[in-house]
Structures are given as structure tokens and as C-alpha cells.
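Residue numbers (our numbering), protein chains in the order written: chain A, 448 to 716; chain B, 349 to 723; chain C, -4 to 630.
Treat each hint with caution, since some may be false.
If you want the footprint, here are the derived chain C segments under chain A, 3+ residues with CB under 8 Å [as the list claims (entries may be wrong)]:
#, region
1, 37 to 49
2, 80 to 93
3, 97 to 108
4, 493 to 501
5, 514 to 528
Below are the DSSO-like pairs computed for lysine-lysine, each with C-alpha atoms no more than 30 Å apart in a straight line [said to hold, decoys possible]:
#, chain 1, residue 1, chain 2, residue 2
6, A, Lys490, B, Lys612
7, A, Lys528, C, Lys103
8, C, Lys252, A, Lys684
9, C, Lys103, A, Lys649
10, C, Lys255, A, Lys538
Here chain C is said to cover these stretches of chain A; the calculated rule only asks that three of the stretch's residues, wherever they fall, bring their Cβ under 8 Å from a Cβ of chain C [claimed, not checked]:
#, region
11, 517 to 523
12, 556 to 566
13, 575 to 581
14, 633 to 642
15, 671 to 679
16, 682 to 694
Hints in this document: simulated from the structure, not taken from any laboratory.
No residue lacks a Cβ here, since even glycine has one placed at the ideal position from N, Cα and C.
So you can see what is in the structure, the chains are spelled out below.
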Amino acid sequence: MKIITTLFATAAMLSMASAQTLSIKGSDTLGAKLVPQLAEGFKAAGNGGVKFEIAAEGSTTAFPALANGTAQIGMSSRKVKDDERTFCRTKGIYLKEHPICHDMIVVIVNKNSPLAKLTKDQIAKVFTGQIKDWSEIGGTPGPISIYTRNTSSGTYKDWQKLAMGGRDYPSSSLKMAGNEQIAQEVAKNKNGIGYVGLAYSKTAGTKAITVDGVEPVAANAKKYAYARECYLYAPEKPSAEAEAFMKYVESDAGQNIVRKVGFIPVKDL
Amino acid sequence: MFDPKKLIRKGLPKGHFKDAAVRSLLAGVTYLVVIIAALLFGKIIVDGAPVLFKAEAPFVDFEFLTAKNETLHVFDDALGNRHQLPAAAYSAYLDKHPGEGIFNEQTFSYSGGGIAGPIVGTALLTIGSMILALFFGICAAIYLSEYAKQSPFIHAVRLAILNLAGIPSIVFGLFGFSVFVLAVPIITSTPADRSLLTFPLFFGNYFVSFQGWNSSLMAGCATLACMILPVIITASEESLRAVPQGFRDASLAMGATRWQTIRKCVLPFSLPGILTSSLLAITRVAGETAPIMFTAAVAAKDDLPWQGLKSPFDLLSSQVQALPYHIYTLAARIPSSEYTQRAQYGSVFVFLVLVAFLSAGSMILRSKLRAKLKW
Amino acid sequence: MSQEEISLSPSHHRFQKRGFSCEKAIKYFFASNAGLTIVILVLITIFLLKEGLGFFPGYQRELEVYRIAGLEFVDISRKNLTAQEQLTSVLNRAYYAEINGQAAREMKRSKEASALFNAYSEQTGPTRDLVVNNSQAASDPKSEMLAILKTNFEKQKVKALASLPATPHLEKNERADLIESIRTRAVDSTEDPPLVAALAAELAAAQEKYAVPLQGMRATIDSFSSAGSELSSLVSEMTESVTATKEKIQGADILEKDRKTLLAAAASAKDLAEREKLTSEATASLAEKPDVEGPIQRLMERRADCVKAHQALQKTTGGILAQLPENLRQPDARRLLKVARATWPLFIADLEKTPAAIHAWKYDAPVPLTAAISSFLTGKDWVTGGEWQDFYGILPLAAGSLMIALVALIIAIPSGIGAAVYVNQFASPREQGIIKPVIEFIQAIPSVVLGFIGILVFGTLLRDISTWDSLQWIPGFPIEERLNIFTAGCLLALMSIPTIFSLSEDAINNVPSAYAEASEALGASRFQTTFRVVVPAAFSGVLAAVLLGLGRVIGETMVVLLVAGNRIKIPDFSSGLSTFFQPCHTLTGIIAQELGEVPLGSVHYRALFVVGILLFAIVLAINATAHHFVNKMKH
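Isolated chain A (complex conformation) (with noise of 0.2 Å):
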């Protein structure tokens, strides 16, 4: 008997002790660049022994995955909802934010669009379907094919906020799993449109739209119509090296990954 008990606590034992691995989990627009290299660069920064998971599937996976332990930090390119902190409250876990960049959604088009600007209004237009063909907003002729991101997407969310007051988007959208992704079709696609995060912006093949006579650049951040701020979530007591990778994050070595990836350092607006 004596044997088995022994058995069981050692079971019980192990199946506790695994946290020094730093699971990161949200954002796609965060997740797929960004904070590989902040890893990437925390590790080469003298921290070799942490161990990274990091599963970019879209902002709205980073909160339940953080209740339910299955994540230290959270990458979300949205606010967290109200109803996600409770959920996370009703599981222990005080949520504690940590602004780490500007983005802007910027509009992209075909390298070979005539189109260069456009207006907030003919974007929306754009977007929830009202408007179909490019000749409709003097392109060249063509069906327009428009790319958004998957539901689970903060983009995905923002975008409807910021650019489409709230409208859905119309069936005919494509969804697509992440912004390369989307930048990839409009690059091969002469009549698509979509936005991607400012990061993802440079993609060969693609035109940034400059919207309302605003160029998408990380100068214009204050002006552009469609500018919103990045952030990682982590428990309110983290790990010790949640806590030391939040730290790197915010230091001035980690907002200049920030700068180089193509985002806006916090400290920059």
C-alpha cells in the first residue's frame, strides 16, 4: 500500500511541476513577427535557460488561455473585454496590462492599382460591400476582392470599430488566418484589397493606401484614421520570468525590436 501511495504522490508531484516554460499565446499581428524576436532577442540578452511557446491563433485566444493557466502572457492587439477580465477574475487571475506598441491598420491594394488614396468613406464603402467594382472609386475595372482576418482576430474586431461603424462584413469576404497571409493574396490578386498591421505593410507586390490624404507611415501615427495600441496581458503576480521578459520588453532593447519589426515604440506618441 505503502508503494502505491508513494506511486501516486509522485505522480501528483510531476504532474505539477511544469512553469518555467513561457507560454505566449493571442494576437496573430503581435505573435507572427514581433514577439518571436522580442524572444528571440530576451534570450540572446542573457536569459538562454527560458523556454518559449508561442501560439499566434488571434487576440481572442490569449484570455482563456491565460484563466486557464495554459498561458503566462497574453498578446492582444485589442482592449481586453470586460466579460474575458471576469472570466479570468473567476479563475484567480488579475489581469495586468502592458502597453508595448502603436499599430495602424493600413488599407493595402495590387502594386499595380492606380489607386493611391482613398477617403475613410469610400474604405468603408469598400469593406462592408456597398461599393463592388473598382471602377465604381476610378481603378481599373474589376470585381473587388476583399481580405480580412479570421474572427478570432483583434484586427478583425477593430477593423468593424474603426473603419465600418460597426457594420458587418459582407459574405464575399475572404478570411484569412494572418496578416502575411492577406498581404500574400492582395500581392498575387490584381483586384484585392485588405489591411494588415503597419508590420506587414512592406510586403512586396502590395501599395499602402493613404487614407483621408494621411500617408500610413509611423510618423502620421497621431493622425491616421485607423492607428490603435498593441498590448501583452499577464497575471497580475507573474513568473519570474514573465515578469523578467515583461521588464525586456518595455526596456529600450526591446522597444527598438519593436522599432525594427515595424511597429511604434510606446514611448514614440
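Since the structure of chain A is already known, use the hints to place chains B and C on it.
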């Protein structure tokens, strides 16, 4: 009144041209399929082989197989030379050349380094699930072929096997997610709220809590094992039945028990057959993506599964990268450009070579077995 | 073991005695393993149902909120507004098609010139950036370095200029001038080359010129477009108020749930202080019952306004059709105008019906559970994660799955069965030795690899082929999206060919040789034997093969997730065969795409399980039919 000569056909038979046309149409269709398959393999080999092989000895670029997966940095130095470096080498480069500017920098996630993580992860998933599936599958097959008589139970088992074999892999994904990730029991001192049922153990502060294993190697192996179980059972039963009845009769006549007969006279002769057909099952397990998407796989993980573990149990309860999921990520999440081709086609090539080896091995072994074991 | 039994067996027979109890145990052990398959199947069913069945009550509540909060009311008006916007778009397109059709030559010239320039800048971009970045003062330019960079740039430039796209609509000297202007262009110039700019201006002038005779049409369209503004502002006003109500109701629902979870957490908390904290939080989050009556009554008061706006719209709209030009010159424009004329009566009829619908609408009409079920099974929208209202309608997904399966089977049935007949009946043993392993190996290719090929190679290839001039007679060419039903169908066909091939081949092989021998003895030719005797005899086996192939196609996930294009919309069947070149989404794809991202236990999460149940049922039914045919064959 009846000329027998008319009955003998002369020259080409009637409808010969029609027949020839139909025949060549069928041949055309068949070879079209073969050619399309050849083109497909050709494309992958042409683009993927250069990643793995090189001109000078030892001809194989082991780095791609053994290096970790990293972000790829592409940039020009001040002299206009283009560099492609994975993250670690990139930061080394920056340290070595301080103050020199770099230009036109582009980064490509998941495209630098090698694919050691996914390969190891797939190997672990395959081994784990095959151990489970072979154990339960062979046992079930023994029952079906050695013990079972016609009964409602057997009928139900056969029906279940038939139905399990047809279930789409994504439904296995849903099943694995709702059962192994969220519902199976675990011993813990802090049961989660979503636990279906919790009861305390008789010692310490521990509970048995039905809260699942989270997304982990264990959960993935169990899901895959369930998926492959019907295949293993069917194949094993076939091999067991191929052992001549005389072997059993002789053994039983010598006074051996049924179990002894099975152990000494049936299993040894059918084992090669079982293992051969399970090689084919391995190709299926290794290639499935949908069941592990939610139960085991993670897109980026920078250590190999066994590094930095506190206990062996950690290995089982941690997520792993897997080759098919990695290919999904490479296909869906990163752009295709000249810099990402290496990672993309290289991974697919390695994967295909793996699958080709397994299935060719299975085919060859099977034909050898057939030639050897003739009773 | 009873006393009697022991006495029956000879006591010295050690072997048998030990064997007795042990044997039984071993047998039961194996039996329990066999039973495991049943357990797994039952577990799959139970857990799918457990998660899935909760969907319908949850969805019912969501639909109830949709009604109580008044969103449904707003949607009545919004539907007409959307229809009006769509019609405006059609008219606009007709208008621009007329202009652009006339200015086609200028447009082509301008397009070609800028395409040429774009191709050049695409190729030289990186080296150019290097020169520009390095020549800026901040980067401390070194002259010898700059010289190297500049030679690099010149080299790249020469290379790029040697491989420019063709410009069939530009004069020879124009092209030469353009290339010359590109060649002599300053490195850091950001202006377009003169010809590109000139052609763009030419195009604009031409468009302006051709617009002059269409001024009447423009004014008509504008007046039609602005006719909706009253309704539009009313709708957006109401939208705001109903969204607020909905949020309140949902907030109260969530708070109520939170309170319960907090209380539950408090009950199980060990730490006394923690427990008190949680309890106090729970009491604090007690929601006051949201006021539903007030806002809805205010909304109902707007009914008259709504009706008035509709009537105004109807009045303006009625006259529009007569004011439009009788006919337009360009074929595209004519077609669009015809579309507009055809849909016009429907639009008017809808407008006429609306006031009655507005008055008949009741906010307190109950939403029965059957409404949730039928809305799921027959719903045309799958809208999730939106701001307005989530709908879970299965039709677009089922339609996508079916269309893809159709394409796959149309390709796979002839080639799979044809190959099987050929290999079994006509091929030499050597041919068999080549064909069979290759097709078997196709079966071993993991689906994700096929998806990878589809997204990286096949889709692009298909689109390039579709732009060939010699293929323009095919409906739907040139295709708009490289990821579409046809692309996915082709790849799935490749996946199902091995299944169909090997099972059909087995079936043909299993036809007793006596059939063939008898047929040949009667003087039938080889072909008559094959097609009149052997294949018909194997028919049910071949049918089973096709059905199993169908099961595989419907259940396949990775290929459709990567290649089908992920547009959640019922394909537009009115476009004939080109429907097959539209993107779609599938039952399997939606689970794979959305399961990872939904909060556990939410309605959306459960909806995905219901999709899983449906998929499970469909595939089981297909397989059961297939096995029915297999059994028929055996007897």
C-alpha cells in the same frame, strides 16, 4: 442455305477501332494520374532536394535536420551583400559588426534554421500513439480471431471498428479536444474550475479531477491512437487469421492452453505481418494534422521537447511541434518568397521522403513476407 | 470455484487447473480490449452530443435577445437599405462600364505603361533602397562604398530593363521613350516617368469626355443614391440604441453567470479571506434587471418614421427606372443595366411589403427552440465574432462541402474507375507493376502536403493558365481567386482516386473468373466481356468504392482549409459553370479554423460541435451505404 464461311471473321474484328479507342482512352486516363503524381513529386523533389543535399561529402545537409527553428533575417550589409541569417547567427553578426548599418531588413518567421523540433515532435507523437494503438489493437485482434464466436458483442465490436474507420479526422480532433484535453482524470492538488468531477484521494491534499490533460503530447498520442486503432485491429486480425489453423490444433492437441497456443504458436508467426501493416498506419499517424491541431501541436517552440525538463512527466504534458502542423504553418502563415522556399520545400521534402520510406518499406516487406510465409 | 467443480476435475492435473482461472482472465482481458472500440465510439458520440446539444438553447437565447433588443426590427429596414445600396452599386458599375468601355484604349495604354514601370521598380527596388539609404547624410556615406552600391544598382537596372513585359498597345517609339526615361531617371526620384503620368492624364481626360453624354444618368444615379439617406440615418440612429440595449441585456446575463461562478469559487475556496473577498465581489456584481421595456417602446414609437422613410424611398425609386437611358453601348454596361431592370420590381415589391412587416413585428413574440434549430439548419449566414449579431446557419458551409465533393468526384470517378478497369483487364503485368505502387503512394501523401502544393503552386498555376487568351471560352476564366472550389476539388480528386482505384480494382478482381470465361466461350470479344460482363458484375463493389471516396472527400480537412478560399457564402449559382471558380468554406474547414479561438462553452464553441455531429452523421451514413453495397457484392 447457310454459308459456314460467313461465320469466320476476316480481317479486323467488328468494332476493333472502337475497342482500340476505348482502350487507349482508359490507358490515357491511367497514365494521366500517374503523370500528375510524378509531376507533383518532381516539383517537391526539385525544389526540396537542394535544401537537404549538397555537392560535397557527406552530401546531406544535416544542419537542416538538426537545427532549431528560428526567425530568418534577410538584410544587406553596407556593401550591398545580401545575408540570410537565422536569429542566433543574426545577433552574433550584429555583435561582430557593431556600428555597421544594415539595410532593407526583412524578417520571415519560422523560416530560419532547421526543423529539428517538428521532426522530434512527430517522432514522439508517432511512437506514443503507435505503442498505445499496437497494444490495444493487437489484444483486440487476438480476441476477435482466437476467442470470439458469433455473439451480439462481437457484432457490436465489428460495427464499431467499421464506423471508427470512417470517421473524419477533424471529428477525432473534436473528440480528442473534448475528452483528452478537457475531460480525462488527472491527479492534482489544485483542481480546475472546469473539472467535470472532483473527488479527494485518501492521502495528502490530492484530488482526482476530471479536467483533462490540456493540449499536450499525451493528449495528442491518445487522440491519434484512437484514430488509428481500427486500422491496426483489422490488419492484425488479418495477419492472425493467416496463421494456418493446423498450428493451433497441433498445439492444443499437445495439451497447451489457449493462451500458450496464442503466445507460442500464433503470435510469433503473425507478428511480422502485423508490424508490416502497422508501418502503413505510421504514415497515416505521422501525416495527420487535424487531430493534433487542438490536442498537441504548437507553432513555435524553441527548445527540443526533452530540454529543460524537470521530470519525465513534463515531456508528456508539454506541447510539441509536429511536422505536418509545421508545414501547415509554413503554407498558411508566411509568404512564399525566395527566402522562405528553403524552409517550405525543405520541410515538405523531408516529410515526403519519410513517408515514402515508410510506405515503400511496408510494400517491400509485405511482398517479401508473402514469398516467405507460405503455408 | 465451487466444491463440485473441483471434485470433477482430477486434482493432480496441475496444468488444467491453473489454466482454468487464468485462461478466463486472459480471455476477458482480450475481450475488454476489443470492447474498447465500442467505448471509443460511444465516447465520441456522448461528448459530441454533450457539447453540441447545449448549442440550441444557447442559440435560442441569442435569437431571443436579438428580438427583444429590437435588432430584428432594425434589420427589416436595413434589408431594404442594403438592397438599395446594391442597386446603386449595379447602376454605378453600368455607368463606369459605359465610360471605361469607350476609353478602353487609353486605359490599356496607361495600364501597360505603369505595369512596365512597376516591373522595373519591383526588380531594382532593394538595390535602389540601398543606394538611397546610404547616400543620406545620417548614414555617414563612404565614397568607395557608394560607388560599389551604385555599380550594383546599375547592373540590376540593366538586367531589369532587359526583361520588361510586353506592351502591345504602346507605339514602338513611346516604349523606347519610356525605357529611355527610366534609364536616365535619377536614383532617388519618386516621380512617375513622364509617359506614365501623361497616359494617366490622357485616361482621365478620356473618361471625362465620355462622361459628358452620360450626365443625365449620373444625376439619376445620384438622386437614387441619396434617396436612401433618410432611411440610412434612421437606421444608424436605431442601430445605436438597440446595440446599447443588447449590450445591457448581455451584460446582465454575463454578470448573472459571473455571480454564480464567483459564488461557486467562494464556496470551494479554502482561504477564509479569499472566500470573503469572492463573496463580496459576487454580491457587488449583482445585476439589476436591465430595462428592456423602455427602449423597445421608444423603438416602437419610431415605427411611423420608419414607414414614412420607406414610403419616401419608394416614391423616389419609382420614377428612377424611367429616367435611366434606354440602352447603353458597351456590352458590360448593357448587361448590368439589364440586371438592374430585372431586380427592380423585386426591390419595389419588397419596399411595398415593408410597412406591413414593420407593423406586424412584435418584440415579445416567443422564440421557440424549433426556430433555433431551423435557423441553424436552413440559415444562409454564418456570421461570427461580429459587432451586430452572430448567426449560425449551416447552409453556406454544407454547400461549399458539397460543391467541392462534386468537383472531386467528377474528376475522380472516371479516372479512378477507368484506371482500375485498365489495370485489371488490359494492362500487362509490367504496367501493373508501375501503376499500382504509384497510385498506392499517392494515398500515402499526407493531406497537408497536398494543401501546401495547392496554395503555393497549383492555385497560382491555375490562375496563370486561366489568363491565356486561347482558354477564354471556358466560363469563369480568367478566374478571380486562385483559391477556389475547383482548386480544392482537383486536389481532393487526387486524394480520392487511390481509394476509388484500389477498391474498384478489388471489386473487379473479385468477379468470379467463370463469368469472363463463359462470356468468352460464347464468342464475346475482350471488350464485350469487360464492359458487358465483368464491370456490371462488379457494379455494387465499384459503387461502394465511389461512396467511400465521397466519405473521404467530405471528411477531409487540411486541403480545404488551405485551398478552398474561406469565403463563408453560398456560391452564386446564377453564374453558371463559373460557380466552380468561386471560393467557399466547408464544414470541416470551419471547425479547424475556429475551434482554436472560441471561448470554451460559448454558443459559438457549441455550434462547432454541432457541425461536427452533422459531419459525423453524414460520413457514417455514407459509409453504411457503402458497406451495404459491399455486402451485396459478397452474397
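Taking the numbered hints from earlier one at a time, note which ones the structure violates and give those numbers from smallest to largest. 1, 4, 5, 6, 7, 11, 15 and 16
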